[in-house]
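Peer 1: Sequence:
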Amino acid sequence: MSQAPTGTPADVSRELQALRVELETLRQGQGRLSAQVRQTGGSAVAAVPGTGVTPQESASPPMPEQVEAQRAAAQAARAERQVEAEAELESAANTEARDPEWTRGTESAVARAFQSPTLAGAHLTRVDCRARVCVLEVEHDTPASRAELLPTLMELPELRGQMVLRPAQVQGRAVSRIYLSRPGERLPMTSRR
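The sequence shown begins at 1 in full-length UniProt numbering and counts up by one.
These aren't lab readings, by the way, just hints derived from the structure by calculation. Just so it is clear, the structure is predicted and the values come from calculations on it, not from any experiment. Every residue, glycine too, gets a C-beta built ideally from N, C-alpha and C. You may find that some hints are simply not true.
Claimed, not checked - Distance windows between CB atoms, simulated: (1) E158 <-> A120: 18 to 28 Å; (2) R71 <-> G105: 42 to 52 Å; (3) P64 <-> S91: 16 to 26 Å; (4) T125 <-> G31: 33 to 43 Å; (5) T152 <-> R173: 11 to 21 Å.
Throw the hints in and build the complete structure from the sequences for me.
Peer 2: And the structure:
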């Protein structure tokens, strides 16, 4: 996962461009994998959503190469959807206007939550709220602290919006970026299946 932009329009623009390049690379890789699946006998392959590969009747079981190509194509499609969703979230988080009243209250509630013993292994490094979405950046002492983070935050009455956690490794440290919507609002993401 790429580093967070600092928030200036030029930084946001560069980050969006980098995400677009990454998305295009994933799409090209997915296209190559889909072509491989078709060339290796797509008739014995199950459908892979978003790739155009559809099953056909076949008496022979799929070859290991076909199974691996199918798995790789599905993984590329998932990665593409994740990049698209994260680009939408980042765009909203960096371009929305601020709502000072909601921002103050929510940022304070988030800071208080991270002072709780239940989040002892998670360290809030940044919180930035806008009109409908907040971005929390968190460093973790252990994998268990990452696993417990989202369920713990979802139990807090002050944080009743939708949440999405994006895990990453940055310079050997386990970090998470959490996108939190305002209560009653949906996160700005296009629904993907």
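Peer 1: Which numbered hints are broken by the structure, listed smallest first?
Peer 2: Per hint list: single violation, 3.
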